[in-house]
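Q: Chain residues, written in single-letter form:
Number of protein chains: 2
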Amino acid sequence: MTLIRQFEINDWPGVWPMLEPVFRAGETYAVPTDITEDDAYRFWVQAPQATFVALDDDGHYLGTYFMKTNHPGPGSHVCNCGYIVAESARGQGLAGELCRHSLDVARERGYRAMQYNLVVASNTAAIRVWNKHGFHIAGTLPGAFQHPREGDVDAHVMFRTLVP
Amino acid sequence: MTLIRQFEINDWPGVWPMLEPVFRAGETYAVPTDITEDDAYRFWVQAPQATFVALDDDGHYLGTYFMKTNHPGPGSHVCNCGYIVAESARGQGLAGELCRHSLDVARERGYRAMQYNLVVASNTAAIRVWNKHGFHIAGTLPGAFQHPREGDVDAHVMFRTLVP
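Chains as they are written, first to last, in the UniProt record's numbering: chain A, 1 to 164; chain B, 1 to 164.
It is worth saying that the hints were derived from the structure and are not from the lab.
Any given hint might turn out to be false.
Restraint ranges, calculated between C-beta atoms of paired labels, are given here [stated by the list, open to error]:
| hint | chain 1 | residue 1 | chain 2 | residue 2 | range |
| --- | --- | --- | --- | --- | --- |
| 1 | B | Asp56 | A | Arg128 | 42 to 48 Å |
| 2 | B | Ile9 | A | Leu3 | 33 to 39 Å |
| 3 | A | Asp57 | B | Thr140 | 40 to 46 Å |
Some residues of chain A that are not near chain B, with every Cβ distance over 12 Å (derived) [as the list claims (entries may be wrong)]:
| hint | residue |
| --- | --- |
| 4 | Phe7 |
| 5 | Gly14 |
| 6 | Trp16 |
| 7 | Pro21 |
| 8 | Asp57 |
| 9 | His60 |
| 10 | Pro72 |
| 11 | Ser88 |
| 12 | Gln92 |
The beta-carbon is built from N, C-alpha and C at its ideal position, and this holds for glycine as well.
Sequences and hints are given; from them, build the entire structure.
A: Spelled out as structure tokens, the structure:
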């Protein structure tokens, strides 16, 4: 069984080892590959409105996601999330579980839509999961992501409404 | 003749009166309509990489724009700009002048693309100007902007590359 709950300060030593390899790889997140741990904490925990962690029965960290308001003022009914699954927990559907959880949380918090701003087009596994959970590709930004091996690759803006 | 030059600290008393009515109206910018002058300064001057002002021969403020990196790390070759034309200077092509200026500055600074994240679909005059200057609608975000009279209206993501 997977428990998904709100991040607590003591979780950071379990969360950072999930984030660091993803940020260092520079293949999926628009985050500097040399980001410091402090800046990563600000980005993942302090700047967002909320952060969540997923744990297995033994308390091992399986994944994490953040939720933030995508734009203030007249854009503040749209939220944005970012998800990371621990390397050891991939291929078991956890990204989908985190996504479903975040959709419920977003509705509870009164958001009316969710937007992913920069989904790297080569990240087809992620796109398949987001599609399955109701997101569509609202647009494609040509060459908007500098992939470490593939050069400037396209990125998608993905979107779904949360109201009927 | 219009002079466009980099913002200097003494310009703020001339810039804020151009921004305030636009932010208060809440029809085009995803900025809280009750934003304070201090927060507006942070948003328009401190957070961006650069801010510019346009002046007429008599030193009157005609418009202003900011330029910032849209996403860090692997997204940092794409910049974002926001433009505001003083009410008294509208309808004279200044938005286009500011846009052209910003495209030159962006190229000088090594950006390879420019992106507008949230162009309110009902703002057809702006869309026409951005189209004329090489931007295309990369995607449309359904209901992503809370218009004060029209409710949730669509917003476009607009994009143009800066390299051949």
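Q: Please go over all the hints and tell whether each is borne out by the structure.
A: Status of each hint after checking the structure:
Under the hint 42 to 48 Å, the C-beta atoms of B/Asp56 and A/Arg128, about 55 Å apart, miss the expected range. A hinted range of 33 to 39 Å is violated for the C-beta pair B/Ile9 and A/Leu3, which are about 52 Å apart. For the pair A/Asp57 and B/Thr140, the beta carbons lie near 44 Å from each other, so the given range of 40 to 46 Å is met. With a least beta-carbon separation of about 22 Å from chain B, A/Phe7 lies farther than 12 Å from that chain, consistent with its non-interface assignment.
With a least beta-carbon separation of about 23 Å from chain B, A/Gly14 lies farther than 12 Å from that chain, consistent with its non-interface assignment. Annotated as non-interface, A/Trp16 keeps its C-beta farther than 12 Å from every C-beta of chain B; the closest such distance is 17 Å. For A/Pro21, the requirement that its beta carbon stay farther than 12 Å from each beta carbon of chain B is met, with the minimum near 15 Å. Listed as outside the interface, A/Asp57 is consistent with that label: its C-beta sits roughly 35 Å from the nearest C-beta of chain B, beyond the 12 Å cut-off.
At the 12 Å boundary, the C-beta of A/His60 stays outside the reach of chain B, the nearest C-beta of that chain being 28 Å off. Remark: the non-interface label on A/Pro72 conflicts with the geometry, its nearest Cβ contact in chain B lying 5 Å away (cut-off 12 Å). Remark: the non-interface label on A/Ser88 is consistent with the geometry, its nearest Cβ contact in chain B lying 25 Å away (cut-off 12 Å). Against the 12 Å criterion, A/Gln92 stays outside the reach of chain B, whose nearest CB is about 27 Å from its own CB.
Comparing the model with each earlier hint shows violations of hints 1, 2 and 10; every other hint is respected.
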